[in-house]
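Residue numbers for the sequence shown follow the numbering used here, beginning at 78 and rising by one.
Errors might be hidden in some of the hints.
The following label-pair restraints were derived from C-beta to C-beta distances [said to hold, decoys possible]: (1) 127 x 202: 14 to 24 Å; (2) 206 x 168: 22 to 32 Å; (3) 151 x 381: 32 to 42 Å; (4) 115 x 391: 41 to 51 Å; (5) 388 x 200: 44 to 54 Å; (6) 396 x 202: 51 to 61 Å; (7) 384 x 244: 23 to 33 Å; (8) 171 x 204: 25 to 35 Å; (9) 193 x 139: 23 to 33 Å; (10) 151 x 202: 14 to 24 Å.
Keep in mind the hints are simulated off the structure, nothing from the lab.
None of the values given here were measured: they were computed from a predicted structure.
Where is the CB? At the ideal position from N, CA and C, for every residue including glycine.
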Amino acid sequence: MKNNFLKILIVSLIFFGTLGVSKAEASFSCYVDTSPRTASDVVVLELTSESNSHAALPGLSGYTTAVYCGGVTGISNSCSGNSEIFAKLSGTTNAHIQERSGTETVYPNDVCISNSSSNAEIEVGYQDDDCSGFDTTIVSLTKSPSNAHAGKSDSYTRKICASMSIPQRSGGGGGGGGYLPPTVTTVTSVTNMIANPVSNIKGAISNVTESAVSAVKTAAKKLTANKFSNKESFSRGNESASASEDLASTIDLGELAFANNSSENNIDQNENVGVFAKIDPRTLSATALFGDNPLFNNIFTIGGVILSALVLVYAGRRIFG
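The whole structure should be built from the sequences, with the hints applied where relevant.
What follows is the structure in C-alpha cells.
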C-alpha cells in the first residue's frame with residue numbers, strides 16, 4: 078500500500094508540475110568585450126575601445142569593441158516597440174554620449190534596448206558608484222550628463238543601468254511562458270475562502286441585512302412624508318417635530334442613524350431630531366449574497382479539478398497496480 082501511494086504521488090507531482098511551476102530564465106546582463114560570449118547576445122552600442130571610448134550606433138562596421146547584452150529571450154537594439162532609450166549620441170559614429178535626461182542640447186541619435194515581447198519589463202536609469210536595484214550596468218561614463226566617453230562597468234563612477242525581464246509562469250511548451258490556468262487560480266481562491274468560512278458568511282448576511290433595513294426605513298419615510306406633506310405637527314415633550322418623523326422613528330431596526338435633506342418632501346425638522354437617509358430600495362435587490370465569490374462563480378471549474386484528481390488517482394492505481 079505504501080509503495081502504491083508513493084507511485085501515485087510521483088505521477089501527481091509530474092502532472093501538476095506542468096501546470097504551476099515557473100520557468101527560470103537567466104537574468105539580464107550587459108558587458109563590454111571584443112566578441113559576444115554567447116551566440117544569442119546582442120550588440121547595443123559600438124565602442125572604439127574598452128575605456129575612454131567614443132561610440133557609434135549598433136551595427137556599423139569598423140569597430141572592434143561593443144556593448145553586448147543577453148540573458149533574456151527576445152533582446153534587441155531596436156528603438157521601436159517595447160523599448161527604452163538608454164543613451165543619446167552626438168552622431169551616428171565616433172560620437173560622444175549623453176544621458177537621455179540631459180538638460181543640455183539634446184543629441185539626435187537614440188540608442189536603445191528592447192524586447193520582442195510586449196510583456197517584457199524594461200527599465201533604464203543612471204546612478205553613481207554602482208547599479209544596485211538594476212540587473213546590470215550597460216557602460217560607465219566619464220562625465221554626466223553630456224559630452225561623455227564610455228568604458229566598461231568598473232571604469233568610471235557614473236553608470237548607465239538597466240533591467241529587463243519577462244514575467245513567466247507555466248503553460249505551453251517551448252520558451253513561451255503562459256499564465257497559470259484559470260483552474261489553478263480558482264482552486265487557490267477557493268482554498269483561501271474556505272480557510273475562514275464563518276467571517277465570509279457573516280459578512281454576506283450583514284450586507285444583506287443592512288440593505289433590507291435601509292430599504293424598509295426609506296419606504297416608511299416616503300409614505301409618511303406624502304401623508305403629512307401639509308406639515309401637520311404635534312407636541313412631543315418640549316420639542317416640536319413633524320408627524321412623518323415621529324412615525325418613521327417608530328421603525329427603529331437597530332442603531333442606524335442617517336442624515337437626510339428633507340426639503341424634497343417639505344417636512345419641518347427640529348435640529349435635535351434624528352432622521353433617516355434616502356436609500357434607494359433598489360439597493361436591496363442589487364446586493365448579491367456572495368458577490369464575486371469564486372466558490373460559486375467557478376463551481377464547474379472546481380468540479381472539473383476534483384474529477385481530474387479522481388481520474389489521476391484511478392489511472393495511477395491501474396498503471397502501478
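The hints, checked one at a time:
no.: 1; hint: 127 x 202: 14 to 24 Å; verdict: holds (23 Å)
no.: 2; hint: 206 x 168: 22 to 32 Å; verdict: holds (29 Å)
no.: 3; hint: 151 x 381: 32 to 42 Å; verdict: holds (34 Å)
no.: 4; hint: 115 x 391: 41 to 51 Å; verdict: holds (46 Å)
no.: 5; hint: 388 x 200: 44 to 54 Å; verdict: holds (45 Å)
no.: 6; hint: 396 x 202: 51 to 61 Å; verdict: holds (54 Å)
no.: 7; hint: 384 x 244: 23 to 33 Å; verdict: holds (31 Å)
no.: 8; hint: 171 x 204: 25 to 35 Å; verdict: holds (27 Å)
no.: 9; hint: 193 x 139: 23 to 33 Å; verdict: holds (28 Å)
no.: 10; hint: 151 x 202: 14 to 24 Å; verdict: holds (21 Å)
The structure meets every hint from the earlier list without exception.
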